[in-house]
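**Q** Protein sequences, first through last, are from chains G and P.
When we follow the numbering used here, the leftmost residue of the first sequence carries the number 410, and every step to the right adds one.
When we follow the numbering used here, the leftmost residue of the second sequence carries the number 410, and every step to the right adds one.
Hints may contain errors.
Copies of the same chain are indistinguishable here, so a pair counts whether it falls within one copy or spans any two.
Claimed, not checked - Calculated cross-link-like contacts (lysine-lysine; reagent style DSBU-like; alpha-carbon spacing at most 30 Å):
#1 K656 - K519
#2 K459 - K638
#3 K638 - K519
#4 K452 - K519
Read the hints as simulated data drawn from the structure, not as lab findings.
Spelled out from the first residue to the last, the chains are:
2 protein chains.
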Amino acid sequence: MNPIDNAALSATLSHVRIVMVNTTLPANIGSALRAMKTMGLSKLVLVAPKTYPHPDIDALAAGATDLIEQIEIVETLEQAIQDCHLVFGTSARSRTIPWPLLDARPAAQKSMQAVTQQNQEVAIVFGREDRGLTNEELALANYHVTIPVNTEYGVLNVAQAIQVICYEMRMAAMELAEVQSDQSATMQVIDGQSMHWDEPLVTHQDMDKFYPHLETMLAEIEFMDPNNKRLLPLRLRRLFGRIQLDKMEYHLLRGIFSRVQAMRHGTWTPSGKSTTDHEDQS
Amino acid sequence: MNPIDNAALSATLSHVRIVMVNTTLPANIGSALRAMKTMGLSKLVLVAPKTYPHPDIDALAAGATDLIEQIEIVETLEQAIQDCHLVFGTSARSRTIPWPLLDARPAAQKSMQAVTQQNQEVAIVFGREDRGLTNEELALANYHVTIPVNTEYGVLNVAQAIQVICYEMRMAAMELAEVQSDQSATMQVIDGQSMHWDEPLVTHQDMDKFYPHLETMLAEIEFMDPNNKRLLPLRLRRLFGRIQLDKMEYHLLRGIFSRVQAMRHGTWTPSGKSTTDHEDQS
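Please take these sequences and the hints and turn them into a complete structure.
**A** Put into structure tokens, the structure is as follows:
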């Protein structure tokens with residue numbers, strides 16, 4: 410094994426942010442910072458924390474004061490993840506629609522591949538102490554991540570969960586660093602995947618325009634009742650969330666939606682011979 | 410993935426004991442019990458604890474009272490490990506005489522193999538909050554075990570270290586259980602990783618009908634020139650190929666394609682008020 414390059418690992422891990430939503434106990438924020446620092450992560454985003462700042466945060470984050478100074482406070486989860494490509498929501502419960510679900514270890518491996526091979530920004534989102542993340546918040550994630558536990562006893566508290574996730578992130582980063590240093594070739598094949606992508610991937614912010622466009626189109630062609638959407642929007646988010654579109658695919662699909670809309674509105678009509686091709690009503 | 414058999418995992422993990430030497434803070438004992446119980450471990454041995462019993466133990470071990478009742482108190486480390494086959498001493502520092510040193514993950518894998526294949530009893534020994542284990546105590550171990558951390562910052566406290574070790578023990582036990590169980594069953598591999606899903610995934614054969622349908626639709630709405638398709642079919646295959654659609658998503662998308670086609674052919678028209686909604690050409 411090569412000697413560990415802490416600086417290189419920290420640089421990689423700086424692209425993974427921990428997001429805590431509506432945290433009540435300052436001690437949990439302090440413990441999170443300590444867990445992060447120990448494992449080499451540095452970016453904590455707090456979404457509408459209940460109590461901030463608070464001396465307990467500093468007390469429990471002993472020695473991680475540089476991370477306290479870098480904390481980012483935002484009002485909504487959307488703000489916390491808008492420039493992220495890959496978002497994981499932590500969830501212990503199974504939901505109405507199961508989301509693509511990864512255990513902590515493969516989730517960390519996927520994150521580190523996304524960072525090192527595609528320069529992506531990754532967010533791991535943790536919910537409230539008492540009730541976790543809402544279904545709406547979980548639907549903003551590409552994947553859900555869970556830590557395997559003894560389900561007969563219960564779940565980890567948020568500080569313990571952050572500890573395990575940060576540990577797995579560091580382990581995955583170390584594994585990748587070893588693979589990179591051991592292989593002279595530039596091509597990396599990990600878990601049977603080789604991901605060299607020609608186009609930049611879309612961010613969460615891009616997808617905030619994609620889903621409304623898709624839904625509007627589906628409503629206009631009466632595939633979806635806008636007053637009774639049922640599970641359709643959730644299914645579409647789950648589908649395109651796990652695909653991670655690149656920019657070209659994104660524009661391609663939105664182009665198709667627009668074409669369908671234009672046809673529906675009559676602002677686009679088929680070219681020349683179309684009416685002879687089919688028995689149109691016109 | 411097979412449903413997790415908590416009872417079987419707990420039976421395996423009951424052969425791994427956590428040993429805490431000269432612990433000062435009762436809160437750390439409570440946290441250790443909680444971490445153990447969450448991961449399915451049950452046996453805690455305390456070597457000459459400084460403060461025991463104490464209400465903080467019960468408070469922090471909330472819900473793990475059965476483990477409190479099973480705690481064993483002994484005077485010396487030798488007593489704690491006398492019936493063990495495999496003993497790991499936790500150590501952050503390098504010692505005068507280098508010992509066989511394993512990271513937490515391979516240590517857990519080795520432990521689980523020892524338990525399941527050779528019916529061994531395993532101990533993981535944790536030292537004092539302030540100065541860990543003595544050289545004499547470390548010399549009683551077969552191996553030393555360490556948790557990879559950002560060495561520039563410092564080490565985990567004992568409760569965090571027990572959390573990570575117990576987590577790795579459970580992961581290793583689960584891996585072994587999966588290897589042993591029938592792998593062909595309902596295990597799905599997506600992105601080279603195992604994932605839990607509610608719907609069966611489509612086969613390659615299904616997709617052989619999907620792409621022609623999509624291309625026909627795109628040709629009919631003149632988004633793609635059938636005589637000059639360029640890279641579009643390839644891009645669509647790459648896009649939907651990496652998503653691995655499930656059956657419901659597959660039918661959902663093909664339903665959308667059919668609706669668009671029907672609109673194009675005039676075999677479907679928008680309901681009642683549509684012509685007043687938009688200035689249709691008809």
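**Q** All the hints need checking, so say for each whether the structure fits it.
**A** Hint check:
{"no.": "1", "hint": "K656 - K519", "result": "both (20 Å within a copy, 25 Å between copies)"}
{"no.": "2", "hint": "K459 - K638", "result": "neither (33 Å within a copy, 55 Å between copies)"}
{"no.": "3", "hint": "K638 - K519", "result": "neither (32 Å within a copy, 34 Å between copies)"}
{"no.": "4", "hint": "K452 - K519", "result": "within (19 Å within a copy, 34 Å between copies)"}
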